[in-house]
Amino acid sequence: MTSESQYDIGIDIGGTFTDLVCRRPGEPMLTTKIMSTRKNPNEAVMQAVRYMVENWQIAPEDVGHFLHGTTVATNAVLERKGARLGLLTTAGFKDVLEIGRQMRQALYGIILEPETPVFLAEGKYRKEIPERVGSQGEVVTLLDEEAVRVAVRELVEAGVQAVAVCYLFSFQNPAHEARTREIIAEEFPDLMVSVSSEVDPAFREYERTVVTAFDAYMKPVIDRYMEQIESGLAEAGIASPLQVMQSRGGLSISAVARKRPVRLFMSGPAAGVIGGTIVGKMAGAQDLITVDIGGTSCDIALVDGGRPVIRSEGRIDGYTVRVPMVDVNAIGSGGGSIAWLDAGGGLRVGPESAGADPGPAAYGKGGEKPTVTDASLVLGYLNPSFFAGGTVGLDVEKARAAVQEKVANPLGLGLEEAALGIHRVVNTQMVEGIRLVSIRQGLDPRRFSLVALGGGGPIHATALARELKINCVVIPRYPGVLSAAGLLAAPIEHEVSTAFPAPLDQLTLPKLREALSDLDRQCAALMAHEGVPADQVGITYFADMWYLGQSYHLEVQIYLDDPDPLARLYDDFLKVHDRVYGYASKAPAGIVNLRTIHATTAEETLGEGAYVAGEGSAVKGERTIRVASEPAGIVASVYDRSKMQVGLRFDGPAIVEQADTTTVIEPGWSGEVAPDGNLVLSWTKGAN
Amino acid sequence: MSKTNGKSSLDPITVEVIRNKLDGIANEMELTLVRSAFSTIVKEGLDASASIFTLEGETLAQAIAIPIHLVTLLPMVRHLLAEKPVSEMSEGDVFVMNDPYLGGTHLPDIAVIMPVFYEGQPIAISATMTHHQDVGGMAPGSTPTNATEIFQEGLRIPLLKLMDRGELNQTFMAILRRNVRIPEVVTGDLMAEISACSIGARRLKEVAATYGNNFLISVFDELLDRSETMTKEALRRIPDGTYSYTDYLDNDGVDLDCMVPITVTARITEGDIELDFEGSSPQVRGPFNCVPSGSLAAACFALRAVTDPDQLIPNNGGCFRPIALRLPPGSIVNPNEPAPVGCRTSTIKRVTSVVLGALRKAVPEQVPADPGGEEVILHFGGRRADGRGFVTSQILIGGSGAAKSRDGVDVIETDATNCMNIPAEALELEAPIRVHRASLAPDSGGAGERRGGLGAWLEYEILEGEMTITYRGERHFCRAAGSEAGEAGGAASAEIVRGDGSVHSIPSKEVARMLAGDRLIIRTAGGGGFGDPKKRPRNEVRADIENGKVTAKAAAEAYGFE
Amino acid sequence: MAGKTIPHEVDPILLEVIRNKLDGIADEMEMTLVRSAFSVIVKEALDASASLFTVAGEPLAQSVAIPAHLSMLVPMVATILRNYPVETMQEGDAYLMNDPYDGASHLPDVAVVMPVFVEGRPIALSAALTHHQDIGGMTPASVPTNATEIFQEGLRIPPLRLLRDGQFDETLIALLKQNVRLPDVFMGDLNAQIACCSIGARRLKDLAETYGGNLLSALFADLLDRSERMVRNAIAGLPDGTYRHELKMDNDGVELDRRLTIKVTVVIAGEEITFDFTGTSPQARGPINAVPAGALGAGFFAIKAITDSSIPNNGGCFRPLHFELPEGSLVNPREPAPVSCRSVTLKAIVGCVLGALREAAPDRVPADASGELMLVHFGGRDESGKPYISSQLLAGGSGAGRHRDGTDVIETDVTNCMNVPTEALEMSAPVRVHSLRLRTDSGGAGTQRGGLGCEQTIEMLSGEATMTYRGERHFWVSPGHAGGSSGAAAAGWIDRNDGRREEMPSKMVTQVRRGDRVTIRTAGGAGYGEPKARAAAAVSADIENGKISQDVAAAVYGRS
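Residue numbers (this note's numbering), protein chains in the order written: chain E, 1 to 688; chain B, 1 to 562; chain U, 1 to 560.
The set of hints was computed from the structure by calculation and includes no laboratory data. Check before you lean on any hint, since a few could be wrong.
Stated by the list, open to error - Stretch by stretch, here's where chain E covers chain U in the computed footprint (C-beta under 8 Å, at least three residues): (1) 405-415; (2) 422-428.
Stated by the list, open to error - Label-pair restraints from in silico Cβ distances: (3) B:326 / U:386: 26 to 36 Å; (4) U:515 / E:139: 13 to 23 Å; (5) B:121 / U:334: 52 to 62 Å; (6) U:510 / B:168: 42 to 52 Å; (7) E:119 / B:466: 57 to 67 Å; (8) E:563 / U:382: 45 to 55 Å; (9) E:563 / B:218: 54 to 64 Å.
What the hints assert, rightly or not - These stretches of chain U come out as covered by chain B in the derived footprint (C-beta under 8 Å, 3 or more residues): (10) 146-160; (11) 347-354.
We put the beta carbon where it would ideally sit given N, CA and C, even for glycine.
Construct the entire structure; sequences and hints are all you get.
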């Protein structure tokens with residue numbers, strides 16, 4: 001998507017840092033980090049632009065694409081900064097949002113917490129509208145338009161800034177919701193509205209209500225946010241339109257994105273997964289598991305055949321939100337996870353974390369509980385004087401003391417033995433987490449490559465790979481700014497789906513084509529905003545399918561060019577079902593939803609071999625480390641990542657240090673620096 | 001499959017000898033079945049039967065304790081042969097099933113079927129069917145009168161191998177034992193069925209040893225053809241034409257307030273007969289639906305009764321060839337799954353009398369007035385004070401209809417059923433019950449020149465604990481019609497007199513709880529009368545009064561007797 | 001890795017590594033089980049669970065969405081091992097059973113158990129329990145509230161071999177298919193169970209390849225001991241003493257006017273705890289009898305709930321628990337007493353046990369929850385004659401704790417089922433749902449308010465269906481705690497299309513026809529502390545959000 005001589009700018013705003021990357025064909029990629037501004041994130045964007053102009057001498061008019069990944073949506077929820085929201089429901093069902101599915105998370109809880117996002121719209125902000133559509137889409141009770149007017153007036157009176165509408169079976173017949181939207185527009189032209197038949201036209205009213213409410217809840221926030229950035233860009237003289245990353249891993253022009261805010265929840269992480277995908281492809285791997293280990297959690301994502309695995313629903317702040325997003329799964333194990341002994345004398349690690357404050361004992365901020373990071377230090381993985389590029393000093397003694405007192409002594413183990421134990425336990429938890437994520441998709445991790453991200457990923461990478469019987473590990477050149485880099489290579493993508501309940505044996509090809517071309521029209525309309533020539537847009541179709549009688553569905557691609565598309569669809573469904581659930585009977589199946597995706601093709605690299613290493617010797621010394629296979633300790637040579645030339649080969653045990661992370665290469669692994677600067681590690685002790 | 005009656009090359013004596021042997025074998029099987037049975041209903045009620053089939057599934061011989069069973073084994077044997085060709089069977093295989101929607105009758109009737117081999121060659125099939133005391137389900141005895149789905153009536157057994165080359169199917173036995181209330185009794189009767197089949201098989205082998213396979217099989221064909229020919233000839237003696245008749249069941253046990261019509265139209269043309277049940281009630285919610293096997297049995301019996309009252313025609317599949325049935329799907333005579341069928345006996349009996357009623361129009365002198373036509377099935381189930389469980393049954397019937405030639409017979413099994421009642425002594429041994437009365441019910445016979453047979457009058461008392469009784473009556477609301485100006489027989493009735501004296505009357509069908517001290521009083525229906533009562537010889541009326549069959553009051557009113 | 005020899009002292013780290021793996025395996029099994037199920041009750045209500053057992057029949061790891069399942073597989077696996085000693089098992093076998101008088105809990109719960117072989121030696125068992133939609137018997141869905149004998153409740157399956165060399169026992173399958181109302185759904189769920197067990201087996205094999213079968217078996221034993229130690233510690237943490245509690249149940253579904261009593265005496269002595277149910281009602285004629293597995297699960301749940309929920313679930317947890325279950329009583333009935341609706345009793349049992357323990361741990365035990373999981377089944381045929389069975393499960397409110405309000409409409413104690421969405425219900429049966437609402441004023445008043453119950457109205461759109469209604473807390477609501485009031489009682493009625501209104505006396509089986517409307521109200525949770533002491537702001541918020549009415553605010557909370 002890059003046109004000659006123009007720059008692509010990628011900006012990813014995270015909790016702490018805002019990453020900026022800039023690329024022009026044939027030139028090295030420029031990257032930098034600046035502090036995020038929690039108060040108004042767009043401030044950071046503007047700083048970044050200024051930085052770009054001043055430090056890189058890039059003229060605003062030379063900017064071809066301005067690409068953005070953001071966590072603003074998620075933060076709005078975490079900080080409850082969304083709109084004061086009103087909810088309209090079918091008469092009799094105003095409490096669906098609050099009752100939810102009545103299931104509890106705490107299995108053994110007896111003093112219970114609410115499980116539903118009532119904060120979106122408490123009782124006083126929920127109104128019932130007389131109307132009813134039946135399960136076949138037939139109108140049972142006509143929409144009471146006057147009731148809508150009255151309800152909305154009362155809500156606005158009560159101070160709502162946005163309205164969500166979720167009527168029963170609107171996915172079968174959206175007429176009443178559409179009309180309601182019109183009426184609201186007549187009453188209050190500026191009031192923001194989300195209707196469930198547009199946000200998530202699929203069955204199960206509670207889940208649909210939640211996602212629709214979240215959409216409306218964030219609309220004003222996202223709208224204001226985009227507004228500010230765009231005006232900022234205008235000021236700075238950048239003409240190119242703002243494009244933002246959506247949860248599925250595709251870019252969208254802000255004009256469209258702000259209309260569908262729930263699709264931005266995973267904007268940041270999605271960019272990271274795309275980045276990981278590209279890095280993997282550069283290393284020649286299409287099937288990847290990206291593992292991003294931070295202080296408190298470990299984010300796991302899958303890439304199958306070069307395509308990030310998409311899940312049909314995700315969890316935001318513990319609430320299930322049914323919107324397609326890259327399948328990023330967080331498990332509560334990270335560098336800050338605390339090791340403790342349970343009453344049975346068992347060694348447990350996490351989920352409690354020391355976080356950044358007080359942080360691991362080694363931070364010397366008063367933390368006394370041993371963490372995974374402390375163990376890493378004891379085991380010799382980390383260089384106390386070069387942690388986070390030397391910005392954070394680590395106190396080895398505090399780390400040793402914590403591990404010794406809290407773990408080694410009570411268990412009657414040696415210090416190193418205990419530290420190693422902490423790693424083995426946390427690694428097992430991560431391994432099981434990774435397994436579950438991949439198995440849930442019916443994918444066998446063994447044939448995957450592992451892409452290690454975040455500050456902690458590269459420390460655990462080879463150990464995890466070993467247990468998962470994975471033979472190839474990739475450490476990106478810039479694990480820190482991979483999200484921003486991912487933006488540059490991401491496709492522009494729009495997706496439109498609709499409920500389409502149809503048993504296969506009653507479905508005719510013409511009916512299917514008709515439904516799909518209808519979706520295509522809507523999708524093309526969205527794509528039109530992007531100004532992409534039609535010939536660059538690829539179209540793929542998907543059907544959510546189930547065995548008649550089941551109620552969880554699987555996404556299966558539709559091939560209209562196949563001699564017999566419907567037969568192909570059924571066969572593929574059987575294959576997927578067998579993959580995911582371990583069996584497939586020739587029972588009758590049906591389609592639940594149809595989906596069309598219009599997208600430009602993603603790029604294969606992050607920049608053509610423009611990696612240049614610094615001068616001087618890559619080896620900066622050696623130190624003793626302890627790993628599961630060498631509990632007694634083994635001497636590893638220590639490398640300086642910035643000085644490792646393309647093509648450099650080396651064998652484990654080894655340590656590679658760089659500003660934003662440390663890579664531990666266990667014995668049995670060997671590494672090589674790829675042309676693009678990525679580190680590719682492979683298992684040398686033969687196949688598993 | 002019908003053949004024209006070409007002159008046979010076979011020696012008629014040998015053929016006759018073999019026919020007698022076959023009947024003998026069937027009877028011996030039946031005897032084994034009854035003698036080695038555990039359950040009262042079989043031992044005393046003879047509710048079991050045996051027969052021999054050709055490899056094509058045509059009846060060769062049948063033990064005739066209960067006509068209702070005879071032909072009803074046929075659809076199951078046919079189902080077996082359709083599912084599993086004889087070629088795939090081996091010696092020592094035994095099959096079992098009871099599912100009405102696969103050819104069975106109702107769930108308590110479990111069929112055991114065994115292919116018979118001689119010198120490795122299959123030559124025939126021996127089969128038995130027993131009404132088991134209990135096959136689980138919602139009421140002890142497994143014929144709940146208030147069932148609305150077959151799933152409530154007990155364990156459904158599809159066609160299964162009970163034995164594989166002599167090996168008993170343990171999985172089946174385990175499930176069976178676990179799902180019936182009295183496993184010992186049920187498995188005992190099942191074993192009795194197996195041994196009966198084996199006896200049949202052994203005897204057939206002997207015959208085959210004497211005459212040789214192929215000869216035997218050609219004799220089988222000959223026998224079937226002969227019976228077919230004779231039946232056709234008999235039918236030709238009935239004037240061609242179309243005859244219709246309708247009678248009713250009290251209700252279906254669930255919707256107690258609506259009577260259930262059964263209508264048949266008999267079309268007779270030169271020795272062939274078609275029985276069309278168009279116009280009969282749609283299938284009912286209650287368990288009185290009758291799968292085709294039952295309707296077939298009823299129709300076949302009725303025809304034999306008319307065409308061959310003196311049993312001259314060898315009773316085998318040939319007799320049924322001239323008969324065509326039209327059973328509207330979804331009707332009470334051909335219900336759709338999963339309609340309940342547990343109590344279909346009442347329906348079969350009514351189907352029989354309806355067919356007879358239609359034929360009466362063709363040959364009035366050969367067909368008597370309508371019979372009491374009820375077979376009261378009574379189950380007592382519960383636990384004794386010491387916790388021991390029991391399930392036992394009684395079978396009660398009414399009087400037969402009067403004919404031109406003679407009075408109806410009192411308290412006698414008619415038409416498609418032929419069960420003995422259970423002696424008071426047997427009953428009292430089985431369960432904590434005292435029988436206070438078992439007598440004839442005065443005035444219950446329909447008045448007429450020929451009087452209808454009397455119904456019975458019984459009284460039971462519960463002695464211990466509590467029990468569930470299942471009462472299944474008929475003719476409470478629709479009496480047996482008289483013929484040629486004869487009057488209808490008396491209606492049936494039943495009531496529970498509670499220990500506290502309160503009386504609860506049973507509306508034809510009910511599952512009720514009875515406690516120690518409660519009494520159950522039952523009157524069965526009488527048969528219809530024949531001809532004008534006023535024409536009845538006075539001496540006979542007098543005799544009836546003297547013998548307590550007719551009260552003086554009734555004699556005056558109905559017979560104008562001074 | 002730690003090598004393939006058994007260490008003298010089991011390495012605690014390796015132990016934790018293995019434990020994490022076993023939990024991972026159980027989760028993977030559960031996922032397969034639930035997601036590939038066919039029946040609504042599993043898909044929407046998650047009424048299914050997966051476990052790993054030692055060859056001695058002790059649970060190693062369990063993944064349960066419903067705590068009641070915790071103990072249920074234990075006696076079933078024991079029965080299967082008794083009938084098919086592990087040394088007679090072969091690779092490729094699987095076993096099946098559902099008979100409560102052989103260790104199961106009620107007929108719809110069918111267990112599949114599969115031995116796991118390593119180097120030709122069985123090292124563990126992989127098991128799956130699923131509540132099947134229908135197992136035959138008197139009423140669609142096989143939980144007739146008016147049954148008086150187990151024979152009326154459906155097909156009884158003794159312990160039998162389902163698979164040998166991976167091949168079905170054809171006889172068994174034929175009988176199963178013939179005796180359930182929805183054979184396709186049944187087989188779908190059964191296949192899901194087999195897939196679930198196979199996955200467990202496959203994963204365990206991998207584990208054994210890494211660590212060796214012997215070492216693994218040794219570790220299993222140690223894991224059990226460890227959980228036992230933790231439970232003993234937890235119990236030791238509770239004050240010794242004798243604690244009593246008693247509560248009533250509406251009726252048994254058959255003798256509608258007879259209330260039943262659950263009575264427990266909990267004796268805590270050092271590291272051991274005894275639950276004595278002497279004084280509990282004799283077994284009922286109706287189907288609410290609970291076989292011993294129920295009390296077992298309830299006791300264990302209560303301990304975990306008030307002590308340490310991080311205790312890994314396995315057989316070791318049960319060792320310090322002792323039970324006195326009077327023969328022939330509600331909590332230990334004699335064959336052939338009916339049991340299909342025992343879950344109402346399970347909830348009563350756990351409610352009773354918690355009530356007793358409230359004295360021992362007042363801060364950790366809230367006021368009584370509604371303790372009701374309303375269950376209603378509709379079974380019939382739609383206009384096209386296709387049979388359907390559909391169910392709804394609705395919870396009441398939870399009890400208020402000393403420091404927080406109860407939660408509205410939430411699953412409590414041993415059950416944890418999702419409700420069925422209106423859109424799922426209407427697509428699976430010819431019914432129309434008219435409402436799902438919180439019940440204003442149903443939460444027990446108190447300084448901390450009890451959680452609200454809910455109300456739903458369902459109308460029959462066509463034909464006729466058999467409806468099985470199983471409610472509880474219609475006639476008896478437990479008192480609030482420390483001055484709080486009790487929650488509102490449950491209620492239910494049918495508005496017949498001819499205008500008549502029929503009350504539903506807590507439990508019933510009836511026919512509903514076109515136009516009939518069934519209304520269900522679940523009970524509220526009890527309150528904690530004096531209502532007058534409730535914060536004014538909280539009261540006003542409750543009024544604004546429609547959780548309490550002005551009248552109640554004034555009358556009960558003294559709001560002027």
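Q: Starting from the hint list further up, note which numbers the structure goes against and sort them upward.
A: Result: hints 8 and 11 break, sorted rising.
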